[in-house]
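Since each chain comes alone in its own frame, lean on the hints to assemble the complex.
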Amino acid sequence: MGRQEDRQKILQMLAKGTISVEEADKLLSAMGLAGAPEGSTENPEPARERRADPRYLRVQVEPKSEKGDRVNIRVPFQLIRAGAKLAAFIPQDAREKVEEKLEAKGMKFDLASLGPENLDQLVAQIGDLQVDVDGEEETVRIFCE
Amino acid sequence: MRPPVFVRLKVTEHGKKKASLWLPVFLLWPLALLLLPLIPLLLLVGLILSFTAKGRLALGAGLALASLPFCLSGLEIDVEEPEKRSKVFIKII
Numbered sequence: 001m002g003r004q005e006d007r008q009k010i011l012q013m014l015a016k017g018t019i020s021v022e023e024a025d026k027l028l029s030a031m032g033l034a035g036a037p038e039g040s041t042e043n044p045e046p047a048r049e050r051r052a053d054p055r056y057l058r059v060q061v062e063p064k065s066e067k068g069d070r071v072n073i074r075v076p077f078q079l080i081r082a083g084a085k086l087a088a089f090i091p092q093d094a095r096e097k098v099e100e101k102l103e104a105k106g107m108k109f110d111l112a113s114l115g116p117e118n119l120d121q122l123v124a125q126i127g128d129l130q131v132d133v134d135g136e137e138e139t140v141r142i143f144c145e
Numbered sequence: 001m002r003p004p005v006f007v008r009l010k011v012t013e014h015g016k017k018k019a020s021l022w023l024p025v026f027l028l029w030p031l032a033l034l035l036l037p038l039i040p041l042l043l044l045v046g047l048i049l050s051f052t053a054k055g056r057l058a059l060g061a062g063l064a065l066a067s068l069p070f071c072l073s074g075l076e077i078d079v080e081e082p083e084k085r086s087k088v089f090i091k092i093i
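Protein chains in written order, with our numbering: chain A, 1 to 145; chain B, 1 to 93.
It is worth saying that the hints were derived from the structure and are not from the lab.
Keep in mind that this is a model prediction, so the values were computed, not measured.
Each residue gets a CB set at the ideal place from its N, CA and C atoms; glycine is no exception.
Incorrect hints may have been included.
Claimed, not checked - Simulated coverage check for chain A against chain B, where a stretch passes if three residues somewhere in it have a Cβ under 8 Å from a Cβ of chain B:
1) 54 to 65
2) 68 to 76
As the list claims (entries may be wrong) - Derived CB-CB ranges, DEER-like:
3) B:36 x A:25: 51 to 57 Å
4) A:17 x B:67: 47 to 53 Å
5) A:23 x B:90: 43 to 49 Å
6) A:122 x B:1: 16 to 22 Å
7) B:53 x A:124: 30 to 36 Å
8) A:55 x B:66: 18 to 24 Å
9) B:13 x A:83: 29 to 35 Å
10) A:113 x B:79: 31 to 37 Å
11) A:92 x B:16: 47 to 53 Å
12) A:8 x B:49: 58 to 64 Å
13) A:98 x B:31: 30 to 36 Å
To be verified - Facing chain A, according to a computed beta carbon distance under 8 Å, are these residues of chain B, among others:
14) 64
15) 81
16) 83
If we strip away everything but chain B, and leave its shape as in the complex, we get (with noise of 0.2 Å):
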């Protein structure tokens, strides 16, 4: 599993380009160096929360929501409308 890197975006309508897109999600991946000091404090949130049903529910769904976005790349949607030669096209590399 590794977050994405691209997301590929195509935008056909009535057979103009309206957008083709390389969007580089790398790049966002620095902020989550941001998060890096705040791994105590996370921790310590997590512990308190773990001693409730409630709370480990909502750690749970967290941490289920957190996984999310590291198992996007391969996603690939196609979706045509050959009478009005439209395209959307988007993939997750």
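The shape of chain A in the complex, shown without the other chains (with noise of 0.2 Å):
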């Protein structure tokens, strides 16, 4: 069965109610199927091995010019792990006002609620993460090695 087929009886099953929407996300995107969000240009090639346990998070910017900077940054999971437990000591008053602006970018957030356990899943998960952002002035890579 071929991919489109595949896709089409997944959407099939989610218009019966046969599965709920996030059931369908998770058919999806285990099947590879899954659209890419809007203002990113997902790598149209098979997806690449997947790592289990990444090590670190890759941050690459390449400009299109000689204008511009070319930034490479890999941090180390476990720095971002140590980050966010220090995230959880924010006083209240101030993760409060952290979780308006976030809000105000359309992005609604608990920080309360980041423990160990979701980082470790989390994690767990972002092996297969790779963003590709292919702009006017530079090529923005986000992915896991």
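In structure tokens, the structure reads:
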């Protein structure tokens, strides 16, 4: 069965109410059929081999002209974990201000709910993450390794 | 998790190398030994702090901050400005 047929079958199941939106999303994601979010260009190639335990988050910015800056950052996940743990100790009033600002930008996020167990789940799932943004002035790549 | 051993720092400006350093951070490790006699005092402070909510918050934040240097190894930052032929490279090993 082709990818297109698989996709149609999942969407039909969703339309009939056999599966929920979340289940459909999970199925599409698992089959690599999920659509790319707006503003990004998903890699049309098949997904890279998933690394079971990614150790680093890499951010690369490649300018398209000589004027831009070239940036290459590799952040260990253990540092991200430690930073997120620290976020749990942000005082309530400061946390509320951060959440207000995030919400104003369309990101509803409860910092207090981010526990170590969520982080482990996030890191376990993030191995698939690959974001390629092809802008006018630069190309941005975010991936795990 | 282990504390950083070296910090590699390279700075280039207008194509000329301004700095290329290997900072031996491991030489600072013995300083941690100086804290050993303070352990009973630190435990006592931790115990006192744990009685109040704010104290527990401060204790947790302190422990999280103390663990931060142990998570730095592997961090790599490389920023290059091709127009000015300038580059800053930092790697924590």
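Do the hints match the structure? See the list:
With 3 residues having a beta carbon nearer than 8 Å to a beta carbon of chain B, the segment 54 to 65 of chain A meets the requirement of three or more and the stated coverage holds. With 9 residues having a beta carbon nearer than 8 Å to a beta carbon of chain B, the segment 68 to 76 of chain A meets the requirement of three or more and the stated coverage holds. Checked against the hint of 51 to 57 Å, the C-beta distance between residue 36 of chain B and residue 25 of chain A comes to roughly 53 Å, which is consistent with it. Taking 47 to 53 Å as the suggested C-beta distance range, the pair residue 17 of chain A and residue 67 of chain B conforms, at roughly 48 Å.
At about 45 Å, the beta-carbon gap between residue 23 of chain A and residue 90 of chain B stays in the expected band of 43 to 49 Å. Take residue 122 of chain A and residue 1 of chain B: their Cβ atoms lie about 19 Å apart, and the range 16 to 22 Å holds. A C-beta distance of roughly 32 Å is found between residue 53 of chain B and residue 124 of chain A, which places it inside the suggested range of 30 to 36 Å. In this structure the hint that residue 55 of chain A and residue 66 of chain B lie 18 to 24 Å apart at CB holds, the actual value being about 22 Å.
Between residue 13 of chain B and residue 83 of chain A the beta carbon distance is about 31 Å. The supplied range of 29 to 35 Å therefore holds. Residue 113 of chain A and residue 79 of chain B have their C-beta atoms about 34 Å apart, which keeps the hinted 31 to 37 Å range intact. Taking 47 to 53 Å as the suggested C-beta distance range, the pair residue 92 of chain A and residue 16 of chain B conforms, at roughly 51 Å. Taking the beta carbon of each, residue 8 of chain A and residue 49 of chain B are about 60 Å apart, inside 58 to 64 Å as hinted.
In this structure, residue 98 of chain A and residue 31 of chain B meet the distance hint of 30 to 36 Å, their C-beta atoms being roughly 35 Å apart. Annotation: interface hint on residue 64 of chain B holds; nearest CB of chain A at approximately 5 Å, less than 8 Å. Taken as an interface hint, residue 81 of chain B checks out: its beta carbon lies about 5 Å from the nearest beta carbon of chain A, inside 8 Å. Because the smallest distance between the Cβ of residue 83 of chain B and any Cβ of chain A comes to about 5 Å, under 8 Å, the interface hint for this residue holds.
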